[in-house]
Amino acid sequence: MSQVLLAERINALRDEKNITVEDIERAGISRSRYYRFVRGETQISVVDLSRLLKLLAVSFSELFAGVVDDPYHLSIGDLAKCTETELRQKQAEIEQTAASVGYPTAEMVAIVIDIIIDRRSGVDYRDKTQCLYERLNSIQAFTIFEMRVFSLIATDLTPKRFFKLYRKFAHDVQVFRDYMPGNLFETSLMIHMTALNQAVVWPKKLNVTDVWLTLEGIMRQPARRSNVEILLLQRFTGLLRTYLTMDSEVVAAEIGVFLMAAQQIGVREMTMNTVQTSLVAVWKRLQLHAQKMAETLLAVITDLTLQPRSQSFGEALRRHLKDKHIRVRSLEALGFSKSNLYRLFDDVGTLMIDKMLDLMRIIGFETGDIDAVLMWFPLDEQNECANLYGASHSVISPAVLRQSATDIEDYYENEVYAAVRAGRANQVATVVAKLLRELGEWHEKEYRIVKVGLMVVTNDDELAMCFR
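Each residue of the sequence shown is one higher than the one before, starting from 1 at the first, in our numbering.
Worth flagging that the hints you see were computed from the coordinates, not collected in a lab. Backbone N, C-alpha and C define an ideal beta-carbon position, used for all residues, glycine too. Heads up, a few of these hints could be off.
Claimed, not checked - Restraint ranges, calculated between C-beta atoms of paired labels, are given here: (1) K284 <-> N340: 55 to 63 Å; (2) K324 <-> R167: 14 to 22 Å; (3) G335 <-> N11: 22 to 30 Å.
To be verified - Straight-line distance between alpha carbons at most 30 Å, and here's what the computed DSSO-like set of lysine-lysine pairs gives: (4) K284 <-> K168; (5) K324 <-> K355; (6) K128 <-> K324; (7) K204 <-> K164; (8) K128 <-> K204; (9) K168 <-> K355; (10) K204 <-> K168.
Let the sequences and hints guide you as you build the complete structure.
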């Protein structure tokens, strides 16, 4: 990583968003420490970096785009579009990367590419699926990478094997409850759709535990407001859960209305990459078996818990090092002594950004994984509104949000709802549109408030600005 490049990027964003050094000091970073970092004289801690991210209203992924090479991204959708020649070329590049800088997931990526090629050719690839399953089954906690691999082989697994991995996924995806990376949406949707097929549509005899695990997993899936398909699935499974526990004709009628509405907008049959499921088929199967399932459902509901496995960065780090069979001794070459590493498990404030990037490479973290764990860092009271989705007025008052220019996007996103009720929505939308025009670079927070600025669009030029 080029520290100079990172510092330049932070300074550019700071200038564009009018973040003063005084703002940085109020966030808990001393003036001298910040300037020494900018001059390349010292590293910055990950905790201080998370404070800067809050000030700049950007995510870790957005800040590091183009600053650091990220060889850990695995996009099943992108790979599926490649020709065989392109796929083989990617395999060669992966092998080269693994040989030069280390790449713990390189072998799994190579197998994933082999499976995609074999599927196209009609070649038997069960041995490769078996290999990936055994690897995933040996891992206690999934990162984004393992979730993507699971989404690829999910349809090839038996129900028993699928739900062993699905339970892990349902636990670990909740790590992203405060920040859902955009590149995880596709993966999550594929897995949940396959779960509905494996639990309800495909089997001759329904397993009550698998059915309820699927419904519970979908309901607990983190989602952005723009993840319409996931939100739709959650509405559907919420109705199904109510129907199974109450056996109410009123709820059955609600489901009928829901499916009619889904048909009108063309989503009764849902498709994502190679996975397809029918909401109507799910409803018909559950309706047929609901009475028999009721006999054991209560015990299953009582027994099922899907809490996140890790509650702190240190806990997550310890778990992933163990999963990947990484010994403390092997980290000494990177400057991690045994005492330093164990201190890091308990005190994340000792972790510097260069060491964080080393750990990402060793463990196989993506930047999206880091976005999630940054939410656990013990920041001061100024950062109590760290959820990048924005929060409703019932959770965080607009006054608290407005106190910091760092969260001006959050403020406007919340303010527009109060403004609509007060009849001054256009006034807020005009301010938002002006803010967007003044910013040369947009990130996720700016994209979220584009819909507010659209309220006052009156000509083609303004419309082009909103869709740039």
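Status of the hints after comparison with the structure:
| no. | hint | result |
| --- | --- | --- |
| 1 | K284 <-> N340: 55 to 63 Å | holds, 58 Å |
| 2 | K324 <-> R167: 14 to 22 Å | holds, 20 Å |
| 3 | G335 <-> N11: 22 to 30 Å | holds, 27 Å |
| 4 | K284 <-> K168 | holds, 28 Å |
| 5 | K324 <-> K355 | holds, 18 Å |
| 6 | K128 <-> K324 | holds, 20 Å |
| 7 | K204 <-> K164 | holds, 19 Å |
| 8 | K128 <-> K204 | holds, 27 Å |
| 9 | K168 <-> K355 | holds, 28 Å |
| 10 | K204 <-> K168 | holds, 25 Å |
Hint check: no violations occur; every hint is consistent with the structure.
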